[in-house]
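Trainee: Sequence:
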Amino acid sequence: MAFVALVLVPAAALGMVLALARIEAALFDEEERPAPHPGEDDGAAADRE
1 MAFVALVLVP
11 AAALGMVLAL
21 ARIEAALFDE
31 EERPAPHPGE
41 DDGAAADRE
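For the sequence shown, position 41 matches number 41 in the UniProt record's numbering, and the numbering has no gaps at all.
It is worth saying that the hints were derived from the structure and are not from the lab.
Cβ atoms here follow ideal geometry from the backbone N, Cα and C, with glycine treated the same way.
A few of these clues could be false.
As the list claims (entries may be wrong) - Here are the in silico distance ranges between beta carbons for each label pair:
# : residue 1 : residue 2 : range
1 : Pro38     : Ala13     : 32 to 40 Å
2 : Glu30     : Pro10     : 26 to 34 Å
3 : Gly39     : Leu8      : 25 to 33 Å
4 : Ala26     : Ala5      : 29 to 37 Å
5 : Leu27     : Ala5      : 48 to 56 Å
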């Protein structure tokens with residue numbers, strides 16, 4: 001029983017914290033895509049046709 005209390009419970013808690021951190025990072029990722037360089041096709045031309 002001590003093994004469960006001292007090893008498995010903290011490991012499970014750490015796993016949940018890391019999983020929540022990854023979910024939070026994916027949901028609230030505010031990094032914008034870099035703008036295309038002048039003259040570089042951004043894919044918008046294909047949408048207009």
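Trainee: A separate judgement is required for each hint: does it hold in the structure or not?
Mentor: Hints versus structure:
The supplied range of 32 to 40 Å is broken by proline 38 and alanine 13, whose beta-carbon atoms lie about 51 Å from each other. At about 32 Å, the beta-carbon gap between glutamate 30 and proline 10 stays in the expected band of 26 to 34 Å. For glycine 39 and leucine 8, the hinted distance range of 25 to 33 Å is not satisfied, since their beta carbons lie about 58 Å from each other. A beta carbon spacing of about 32 Å between alanine 26 and alanine 5 agrees with the range 29 to 37 Å that was offered as a hint.
Between leucine 27 and alanine 5 the beta carbons are some 33 Å apart, a value that contradicts the proposed interval 48 to 56 Å.
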